[in-house]
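Asker: As a plain string of letters, each chain reads:
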Amino acid sequence: QKEVEQNSGPLSVPEGAIASLNCTYSDRGSQSFFWYRQYSGKSPELIMSIYSNGDKEDGRFTAQLNKASQYVSLLIRDSQPSDSATYLCAVFTDYKLSFGAGTTVTVRA
Amino acid sequence: SQTIHQWPATLVQPVGSPLSLECTVEGTSNPNLYWYRQAAGRGLQLLFYSVGIGQISSEVPQNLSASRPQDRQFILSSKKLLLSDSGFYLCAWREPGGAYGYTFGSGTRLTVV
Chain A
1 QKEVEQNSGP
11 LSVPEGAIAS
21 LNCTYSDRGS
31 QSFFWYRQYS
41 GKSPELIMSI
51 YSNGDKEDGR
61 FTAQLNKASQ
71 YVSLLIRDSQ
81 PSDSATYLCA
91 VFTDYKLSFG
101 AGTTVTVRA
Chain B
110 SQTIHQWPAT
120 LVQPVGSPLS
130 LECTVEGTSN
140 PNLYWYRQAA
150 GRGLQLLFYS
160 VGIGQISSEV
170 PQNLSASRPQ
180 DRQFILSSKK
190 LLLSDSGFYL
200 CAWREPGGAY
210 GYTFGSGTRL
220 TVV
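Chains as they are written, first to last, in this note's numbering: chain A, 1 to 109; chain B, 110 to 222.
The following block holds chain B by itself, in its conformation from the complex (with noise of 0.2 Å):
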């Protein structure tokens, strides 16, 4: 069966530093992959997507980007973090081409301090 692992599970971090949130898929190939964000009380917002090993789209620009080194890998970075940064980071997954709902991860809370 499928799994999908998401950490840190909770990151705070001071305004200007780095950020490196990981997502990783087993079980599964080729797998379409997602970052979300969830602001306290607000909707899910669609970050980044990537159908396969190095393509990255962007949903929303801003100072984070994504990557994909491996098939069943999905970054999250930031150079410099900023307060606005702060939220509930969720990754998920879904079959290529398949009509499935997505898979989310266990998230991660961030707070920007």
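If we strip away everything but chain A, and leave its shape as in the complex, we get (with noise of 0.2 Å):
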């Protein structure tokens, strides 16, 4: 089983549309929760974290955290074209970072 995984993309939206990206986790103990984004060619951009249950608002992105059911979420309110991306979920446990495969997402006008 793999420590972090991703719904499989791509994933199209159109414009002024919500992005719904998910991401489930193997390790109960994990203890922090990030999401990234990645440009083609570019290093991953950090853009949202989640420590606690719930909801967390950051502007057009929302991370929302279910450690029962071992479950992390993105929302992206009101897609632009500038958020076509891949975006990884990234899961923080004992000492390292680890990563989804990613899901890609594509924002058509």
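Do not take every clue at face value.
[Claimed, not checked] The calculated label-pair distances, taken between Cβ atoms and stated as ranges, are:
no., chain 1, residue 1, chain 2, residue 2, range
1, A, Thr106, B, Gly163, 43 to 49 Å
2, B, Gln171, A, Ala17, 40 to 46 Å
3, A, Ser52, B, Gly125, 48 to 54 Å
4, A, Ala68, B, Val121, 46 to 52 Å
5, A, Pro10, B, Gly163, 39 to 45 Å
6, B, Thr220, A, Thr106, 47 to 53 Å
7, B, Ser193, A, Pro10, 22 to 28 Å
8, B, Pro127, A, Ala109, 44 to 50 Å
9, B, Ser174, A, Ser52, 36 to 42 Å
10, A, Lys56, B, Ile162, 33 to 39 Å
11, A, Gly16, B, Arg151, 30 to 36 Å
12, B, Ser193, A, Arg108, 33 to 39 Å
These aren't lab readings, by the way, just hints derived from the structure by calculation.
Note that CB positions come from ideal geometry on N, CA and C, so glycine has one too.
Build the complex from these two chains, which are given one at a time in their own frames, with help from the hints.
Answerer: Written out as structure tokens, the structure reads:
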């Protein structure tokens, strides 16, 4: 079983719509959870972090965490063409950050 | 503010040649440092991490090695590259003991031919 799994993409959404990304993790002892955005050919950029159950909002991004279900999600509201990228879910456990394979999002005008 | 530098940006090397990639962090002390590799279309794989000078932990056995000769310098090396070593190599850092996410350098795209 992979440590971090993300819903398979690619995900295509129209401009202005909501993009919903999901992630599950295997280790119940995981402590911190992150979403990274990676544009093609570039390095990952941290866009959201969440540490406790519930929702966390930052601009058009909302992260949701449910530790009982071992589930993390990211919502992108009012999607823009500049949101087209691969989104990586990352889970911090013990000493390291483990990444999912990523979900590629394409926002079509 | 903290910054992370990684070079070179791109590299094309023949099979069997040596490799040296360098990463430096500015504006912080005693950072935790990491080397990741991302193969084409795949997720990030942790290769090495270091919590201090001379302290290196390896996640995946392979023909790569890492060293930390100074507090804010992390080097990834190989004596003889394989075709399978091609990929996007990323250095990252975080504050020790912090729950924060890692900050990545700009990466090195290595192609072994």
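Asker: None of the hints should be skipped; say for each whether it holds.
Answerer: Verification of the supplied hints:
A beta carbon spacing of about 45 Å between Thr106 of chain A and Gly163 of chain B agrees with the range 43 to 49 Å that was offered as a hint. Separated by about 42 Å at the C-beta atoms, Gln171 of chain B and Ala17 of chain A satisfy the suggested range of 40 to 46 Å. Between Ser52 of chain A and Gly125 of chain B, the C-beta spacing of about 50 Å keeps the proposed range 48 to 54 Å intact. The beta-carbon spacing between Ala68 of chain A and Val121 of chain B, approximately 49 Å, falls within the hinted interval of 46 to 52 Å.
Distance hint for Pro10 of chain A and Gly163 of chain B: a CB-CB separation of about 43 Å, consistent with the stated range 39 to 45 Å. Thr220 of chain B and Thr106 of chain A have their C-beta atoms about 26 Å apart, which leaves the hinted 47 to 53 Å range violated. In this structure, Ser193 of chain B and Pro10 of chain A meet the distance hint of 22 to 28 Å, their C-beta atoms being roughly 26 Å apart. At about 47 Å, the beta-carbon gap between Pro127 of chain B and Ala109 of chain A stays in the expected band of 44 to 50 Å.
In this structure the hint that Ser174 of chain B and Ser52 of chain A lie 36 to 42 Å apart at CB holds, the actual value being about 39 Å. A hinted range of 33 to 39 Å for the beta carbons of Lys56 of chain A and Ile162 of chain B is consistent with their spacing of about 36 Å. Roughly 31 Å separates the CB atoms of Gly16 of chain A and Arg151 of chain B, a value that falls within the hinted 30 to 36 Å. Take Ser193 of chain B and Arg108 of chain A: their Cβ atoms lie about 36 Å apart, and the range 33 to 39 Å holds.
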